[in-house]
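> Residue numbers (this note's numbering): -18 to 564.
Everything labelled a hint here was simulated from the structure, so no lab data went into it.
Note that CB positions come from ideal geometry on N, CA and C, so glycine has one too.
It is possible that part of the hints are untrue.
Computed Cβ-Cβ distance ranges for the label pairs, DEER-style [to be verified]:
(1) 508 x 117: 47 to 57 Å
(2) 99 x 447: 44 to 54 Å
(3) 162 x 267: 51 to 61 Å
(4) 564 x 385: 15 to 25 Å
(5) 351 x 99: 56 to 66 Å
(6) 101 x 38: 19 to 29 Å
The calculated lysine-lysine pairs, modelled on DSS-like cross-linking and capped at a C-alpha distance of 30 Å, are [what the hints assert, rightly or not]:
(7) 116 x 69
(8) 19 x 121
(9) 551 x 461
(10) 86 x 116
(11) 461 x 541
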Amino acid sequence: MPTLTNAQIAAALDELGDLNELDGAIIHRVVAYRNGAKAVRDASVSVATLAVAGRATELPGIGATLQEKIVALAETGTIPAAEKLRAKFPAGLVEITRLPGLGPKRARLLYDELGIDSLESLRAAVASQRLRELKGFGPKAEENIAAGLDAGAAEKSGTRVLLDRALAIGEPIVAALRDHPASERVELAGSARRWADSVKDLDIIATARDPAALAAALGDLEIVESVQATGEAGGRATTHSGMSVDLKIVAPEQFGNLLQHFSGSREHNMALRDAAVRRGLHVSEYGVLDDSDGVTHTCETEAEVYALLGMEYIEPELRENRGELAAAANGGDGLPDLVEEKHLRGDLHCHTTLSDGTASIEEMAAAALERGYTYLAITDHSASHGFGDDVPPAALERQIERVHAANAAIDGIELLAGSEVNIMPDGSLDYDDDLLARLDWVIASVHTSFNMSDQRMTDRVITAIEHPWVDAIGHLTGRKIGTRPGYAIDVEAVIAAAAGNQTMIEINANPNRRDIDDVHARATAAAGVPVLINSDAHSPGGFAVARYGIATARRGWLGKKDIANTRTQKQFSAMRKRARNRR
DNA sequence: GCCGTTTTCGGCCCGACTGTTTTCAGTCG
């Protein structure tokens, strides 16, 4: 089967989009390539396999032509059209379009008129002031391009920070603005509101009795380092941590339009407006213009915006153009009833001082109880873990006794004696079966040997899934958001194996991981695999990250029924035993 | 290049900003 990953296909389609844009193709063709790339990126199955079977056209945005190109890439390793265009335009030209202020049109002009084909030759042309000879370029353009080159080039967009850091800044700001006497409504918008993995800057939308006073209040916050501009319409500030915060203050009757617009995603809004145009409506941040009467309808709430388009309200986490618009439309399948943090009744992955945690069994149990949980698995690392955090078999035996004693001593919560067992490179586990059989709960994870082939890694994890005493798989892909991609693994095959064995798959809620991700979570639940939302807490405060796991589940369209640890203690216990009996 | 409760052909999101212009193209989010 093809070893071509969806990420590789998406990159190839994006490149075709870039090259076609340089070639002067109509923008709609370019957009079609980029839409195709997104569809491939969001697909939860192997698109190469799908394309070879002639079924990739089932994906939205993939037609016969793109499918043909994907098949060529899978079978020959290259796409003829891309080869031709690459011969026509030097690779440096695409780099030039990444500079701020330089798009395909102007980059092409630089190439055609001055022969500029790399960042180096561009720098030389700027230095000799040759750019200003060109139509449409002036001294200002030269200056801006020079600044872009000096800024290290290739950095059109700023750096992103993890969602937990962004919310640690955004939530207190929103709370403070809500407390201000001049404010009425204050909501966080943007990717933070959609609970994306990471965030570039913060958008806040507000209405106010006294807009100027509220805008001024933003600048007065202790967390704010500097203010760029404030006035009746809001303001922009930078926090001491370097986060840019944009406050927009709007009339109450337009609050729904603005909040909808600035909550995004970009792709969701584009698809929304596209759907609106077909009904003779034009959506913008200012309102919904109706062609039939020329009236712009403003909306106090987002629900009104969607209602005008014949849609039910769409939760922010779903706004990624992954089918939510069709589902929300009249006559669509409807949107899922999403899981909420209050539905969680237990946690099946946490650590104590036995391995690398900072608290005792009792302290972790108390923290779980405080959150209203009725069951908790204590899952320290296993025999081969290393870093001095390994738990030899004899130590695990003593731990089982301690957990069971604590369970007897503490009311209101069932403590499961468990382990987070390492999956060895050959798929075996690092305790023997007799010891594993004595545990109430086993979650198996990969912690070593990440650089295996896709096939070997897949076999490794599937071997663990089929193990009779393995209840669940932890942080399946090993990704660290923004720093390390997941290792090569066929998630689709793993999900199928988990479905066959009723082995649960965790959403690790740590904001660095959120592993599995939203797209895989959706596929996992669709395959009938019970999904867990686990904190992987290493301290009593660590349980609080559950909300990021909930967010990933919601972004994956999951409801309460899809999440195993929303079950009562009795139901969960029965579920776990049924699954063990099947294996 | 994709797609269809006006279409298998003719459409294809919306507005702001910038620098260059004398009415606007290109870029950006």
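> With reference to the structure, classify each hint as holding or not holding.
Verification of the hints:
no., hint, in the structure
1, 508 x 117: 47 to 57 Å, "holds (54 Å)"
2, 99 x 447: 44 to 54 Å, "holds (53 Å)"
3, 162 x 267: 51 to 61 Å, "violated (28 Å)"
4, 564 x 385: 15 to 25 Å, "holds (23 Å)"
5, 351 x 99: 56 to 66 Å, "holds (60 Å)"
6, 101 x 38: 19 to 29 Å, "violated (43 Å)"
7, 116 x 69, "holds (23 Å)"
8, 19 x 121, "violated (35 Å)"
9, 551 x 461, "violated (34 Å)"
10, 86 x 116, "holds (12 Å)"
11, 461 x 541, "holds (26 Å)"
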